[in-house]
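Start from the sequences, fold in the hints, and give me the full structure.
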Amino acid sequence: MTDHGHHELPFWRKYIFSVDHKVIGIQYAVTALVFLFFGFSLMMLMRWQLAYPGQPLPVFGKLLGETAMPGGVMAPEFYNQLGAMHGTIMVFLGVVPLAVGGFGNFVVPLQIGAPDMAFPRLNMVSYWVFLPGCILMLCSFLMPGGAAQSGWTSYPPLSDIAPSGQTVWCLAMVLIITSSLLGSINFIVTIVQLRAKGLSFWRLPFFVHAQLVTAFLLLLAFPPLEAATVMQIMDRVAGTSFFLPSGLVVSGEQLKVAGGGSPLLWQHLFWFLAHPEVYVLILPGMGIVAEVIANNTRKPLWGYRLLVYSVIFIGFMSFVVWAHHMFMTGMGTTMSTFFQTTTMIISIPSVVILTCFIMSLYGGNIRFTTPMLFATAFLPMFAIGGLTGLPLGLTAADIYLHDTFYVIGHFHYVVAPGTLFALFAGVYYWYPKATGRQLSDKLGKVHFWLSFVAINLVFMPMFFQGMAGLSRRLYDPTVYAHGRGVQALNVLISWGAWGLAIAQLPFIINFVMSLRAGARVAENPWHSTTLEWAAPSPPGHGNFLTEPVVYREPYEYSVPGKTKDYSPQFQAEG
Amino acid sequence: MDAAGHEDVSRHMGKYYVVFVALLCLTAVTVGVSYLHLTRPLAITVALIIAAVKAGMVAAVFMHLISEKKVIYAVLILTALFFALLLALPNLTTFEHHSGMPGT
Amino acid sequence: MSETVIPYMVKPHPVTGLPNGKLGIWLFLASEVMLFGALFSSYVLIRIGAPHWPPEGGLSSEILNVPLGTFNTAVLITSSITMVLAWASCKMGSLPRFKMWMSATVFLALVFLVVKYFEYSDKFHHDHFPSHDNFFAVYFLLTGLHGLHIVGGIVVNTFLLTAGSKMWQTDPEHFTNRVENAGLYWHFVDLVWIFLFPSLYLL
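Residue numbers (the working numbering), protein chains in the order written: chain A, 1 to 574; chain B, 1001 to 1104; chain C, 2001 to 2203.
Among these hints, one or two may not hold up.
[To be verified] Dumping the calculated DSSO-like pairs for lysine-lysine here, alpha-carbon to alpha-carbon at most 30 Å: (1) K256/A - K2116/C; (2) K256/A - K2123/C; (3) K1070/B - K2116/C; (4) K564/A - K197/A.
Source of the hints: derived by calculation from the structure; they are not laboratory data.
Put into structure tokens, the structure is as follows:
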């Protein structure tokens, strides 16, 4: 595994067009973090309109131009653009690239004892198809009529007739989807073929199992959306009617198209991807939480095999629940019952996983390091997110709750204090491995507590707004009496959101400053058991100084009779 | 990739030619059957069966699937299952009729 | 920082029995099954929802050119056997034969595209663009995407014929693997057409 090589590569091949999974992982992670903050900023603008409808926005109102913010007041079209782009960017340019492109690329080869991914050049191509997709997505704001503005879900007929930014959205998605497909092939082949000697399937860290299932989801679920996106491009550019029904009237005039298409077709193809996509959003996070909990409780994960079977079952079931997003489209009772049933079934393995994590805490010698704070908080936050999903999965309750703020509260709980907290845990946990330096634990704890309080202020009230009947994607909630009834909550949420932004400052400062000023670390500062901690911090080219061999299960902490409270997988004697 | 690949392959060549001829014949059959103007459901069934046989031969022989490894079979069975679901569920969901009125 | 050596690039993995590239290409083909599967599913949904099909009346076989479609089917089937022969030539150690059969494969692929060009321009000449109705939308989408995949195959196969074949001198086994993987992709493209042809032209 050691580097038999000789010459240093030039800067552009070492850091820009690198084929090294660690460099590519950092490229994805940094790009994703930038887009997470950008997507967050879009939402902060929306929150002004929601808290103070029709009021001019101080300072930024004039900077955004007269089309978007005439007189500093947000135009409804701009609100819609912010909404659609916030969703798209957070999901496809933020969370998944960080969780899979960033953490997956950096950690997985190290955790399995491989020198790199199976196809390093393909890995590089994946990133360099992804980045132009991101830039193109950003450029859609510059199109006449603005960016995509038909929701992140881009439902036709509206999206078919929307301004040109929607076409740019489609093209950007094609690039991003292609990048994802190439990446998922790489992950699966790497995990199947490149494991170190002694690293059988049942000795893999849970993080790797989670990434393997995630890769299969991406591989098999994305192509239908790619097909649908091409069809939408054809509808918009070539005048086809894949999604346009006959007799559609727009602004009082019959649309001059052939018709005969089906808006529902888009919904099926979109949600066929987008449902597994939400499991793509959560599974790597669960993987990170598993690693951090085992490490910081100094005991093995409770129910490791159960966890693995559950995550595989979730992966499989995620392909058969998608139409629970479509309960309100006039489905017959047989099919809606089918999807309701599968949706209820899929909640079971999620509960099993959460239970195993909670049981893993019991009797542990817990170290409340910053990663552990985030990983522990994940548990009740994911529980709230998961539980609030249940009424949405039941058709009868969904009739009332569909397209309300209840839904927004539900999915944000799972992704924001859920996955995002897990990703933060991952950053604090693996930063020493990637950089050779520790992040400040004090600043980390400030980041955690401020974020934890703020994020609950933002999302908890949304359940009440939804139950009061407040619709999502609504430019001015105060036009309705039931909206005025919960308008005070909008003010609370918006201030919570702006507070959440400020809460990220300690993180940004910590991240940047620790690159130079953080305490230096050796290979295994957390006294962990998994393979990545055998490599130097940061690992060099080829990762390991000697070829790693695996001698035991992944979480041999506090083994009775041993002097150390951890027995790494890669050490011959414990 | 065995060292004895040379002999292995030349023994298999016969199979490849047989499949080639069979594929051409079945193509002729499928076109011929279309001139019979069978009823729609029967026409679709026959055409898809012939296509499946042709595809099966390409997959089994040209793509060596008949002697492939378990990992590949597992991936393909999973894929076939999801493909079947993608084909069936949107259509069942869209066209489930109760009152006999379209879309209800 | 020279290139890292990745295990099982050429020799198969002791447990799975596969070299990395073969597993990789099969995974790619699995995703392609889902891509074309989505297109077929869409075709079914649109067609079932249509009052009659083709929407403008008549039969598919009257709108599309069945003889040309049949010819193209034979062309692709032949290109599949030449692809197998190209790979077999590699296995039997003959680069010149490989080049001959691979050239035949690329040539047949180009013939396919030329025929499609004539089919498409005939349609355009009669003002039958994708926007005309969903029959044409589906026809152009499915054959168009399939055609793009043919172009991709031509690019890969041409690379293997030219610059790529240099690998034969240093690592013939690795090169043979590459040819086999390219072959798997090519057979898949043929396989899709085997379903496309009756579905669009005959039914």
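Here is how each hint holds up against the structure:
no., hint, verdict
1, K256/A - K2116/C, "holds (29 Å)"
2, K256/A - K2123/C, "holds (21 Å)"
3, K1070/B - K2116/C, "violated (38 Å)"
4, K564/A - K197/A, "holds (24 Å)"
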